[in-house]
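K.L.:
Sequences and hints are given; from them, build the entire structure.
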Amino acid sequence: MKLRVLVAGMVSTALLLSACGNEAESDGGDNEISLWVQTSSESPEGQAMQGSVEKFNEQFKGTYTANIEFIPRGGGGGGYEDKVNAAVSTGTLPDVLTLDGPNTAAYAESEIIAPLDGVISNTEDLLPSIVEQGTYEDEMYAVGYSESSVGIYYNKEMLEQAGVDLETLPTVDEPWTWDEFTQLSEKLTDYYEVPAIDMGLNDNSEWLMYAFSPFLWSQGGEITSEDGRQAETVFNSEANMKAMSFLQHMLNNDYTTISPAENGFETGQYPMKMSGSWTMEQLDTNYQDIDYDIMPYPVSPDTGELVTPTGSWQYAMSTATENEEGAGELIDFLTSTEAVVDISLANSVLPSRYSAIEEIEDDVSPQMNTLIEQNEASGKARPVLPEYPQITRSFQQTISGLPYYEDQAGLQELLDEKAKEMQTSLERRE
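Read left to right, the sequence shown gives residues -24 to -1, 1 to 406 (mature numbering (1 follows the signal peptide of the UniProt record, and there is no 0)).
Honestly, I wouldn't trust all of these hints.
Pair ranges (Cβ atoms, derived) [to be verified]:
| hint | residue 1 | residue 2 | range |
| --- | --- | --- | --- |
| 1 | Asp267 | Ala62 | 20 to 28 Å |
| 2 | Gly139 | Asn98 | 44 to 52 Å |
| 3 | Gln373 | Ser65 | 26 to 34 Å |
| 4 | Gly67 | Glu115 | 19 to 27 Å |
| 5 | Ser65 | Glu214 | 43 to 51 Å |
| 6 | Asn345 | Ser16 | 25 to 33 Å |
| 7 | Glu214 | Pro342 | 33 to 41 Å |
In silico DSS-like pairs for lysine-lysine, Cα to Cα no more than 27 Å straight-line [claimed, not checked]:
| hint | residue 1 | residue 2 |
| --- | --- | --- |
| 8 | Lys218 | Lys396 |
| 9 | Lys356 | Lys396 |
| 10 | Lys163 | Lys218 |
| 11 | Lys163 | Lys132 |
| 12 | Lys356 | Lys218 |
If you are wondering where the hints come from, they were derived from the structure by calculation, not from laboratory data.
Positions of the beta carbon are idealized from the N, C-alpha and C atoms, including for glycine.
P.N.:
Right, dumping it as structure tokens:
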């Protein structure tokens, strides 16, 4: 699983075209509901989606029939997004479509997706992060069918060999501070003479925003102001300087690296790795000799607040639909407890509903339960902004730029520059 944002060209051209007045043609009458999804029919995610659609068709037989079309994403997010782009321009959007969490605001602002008022059953059962990522200007536009999170994977044998008592490692209830995590990293780096942890710093994609923004939030920092109109004095704040200084310190002391060995953790070269639940599946399938566990994010020593990343793909109703009732029934069904359980177990992803968590907690590994527990306790969605593609690009460039600014003055210069870039993007809409 990779979390990527829509390419900038999509937002600057087709995505910003208004979809008002689009009329999707139906070949089968008002009872047919068209659904586009971003995965392949052969993938575990796709198979779970297909199964849920078949259950929907059985339950609503004689009333509605959903037709699912699989449009796998290509390199750089192409394929699926390209087809959505084209459909916006030609007025051929489906009744229901999937979209990545951070793109809710851009789709809603462009009137590509419609509000879901009164559509979703038992919204109180949804995790707060799911509601947060799907809400724009106080209206829910999309509903996540799964969640995600990131933890610190560690090789139990390598830590014990280096003299680390595994019983003293942090838990979700008692996370370690950045200082404590730095001490562990120093110990492991000195013992193995390699970086202690692969943090994915060579992945110049949405991963950098997704995985590293929680460090800012733990310190009390933000990316933009609450109203989403201010980045200067916010992104380059003292709080964010402290958070970035922690990451800079990890790099300066070679506790982590911008050029990690490929599959370094999976092959036993590095003792730790920062990653999401998708790595769990890879380890359990292809690297079964690695005895691993997961610890939660380290936290700011000033606040002690655990904050972790969230966000994944969602279902939304197209403004082009002529069958709002049927589209709403389909979205509600595909985000029900049963459907969420099915896709969580099939695709090794976190559930988006509390009720689904209760159903699967005895059926998943302790490592997965750690991520689920962490997500429940501390998950926070990325900013819901129409300008998100520009904001995340500047954030990613900030993280990528850390190795080139080794002192505080340089770091402040970097944050000032990127805050100004973000501010320019925010002001273009005003």
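K.L.:
Against this structure, judge whether each hint is valid.
P.N.:
Each hint, compared with the structure:
| no. | hint | result |
| --- | --- | --- |
| 1 | Asp267 - Ala62: 20 to 28 Å | violated, 48 Å |
| 2 | Gly139 - Asn98: 44 to 52 Å | holds, 49 Å |
| 3 | Gln373 - Ser65: 26 to 34 Å | holds, 30 Å |
| 4 | Gly67 - Glu115: 19 to 27 Å | holds, 23 Å |
| 5 | Ser65 - Glu214: 43 to 51 Å | holds, 45 Å |
| 6 | Asn345 - Ser16: 25 to 33 Å | holds, 28 Å |
| 7 | Glu214 - Pro342: 33 to 41 Å | holds, 38 Å |
| 8 | Lys218 - Lys396 | holds, 19 Å |
| 9 | Lys356 - Lys396 | holds, 24 Å |
| 10 | Lys163 - Lys218 | holds, 23 Å |
| 11 | Lys163 - Lys132 | holds, 15 Å |
| 12 | Lys356 - Lys218 | holds, 20 Å |
Hint violations for this structure: number 1 only, all remaining hints satisfied.
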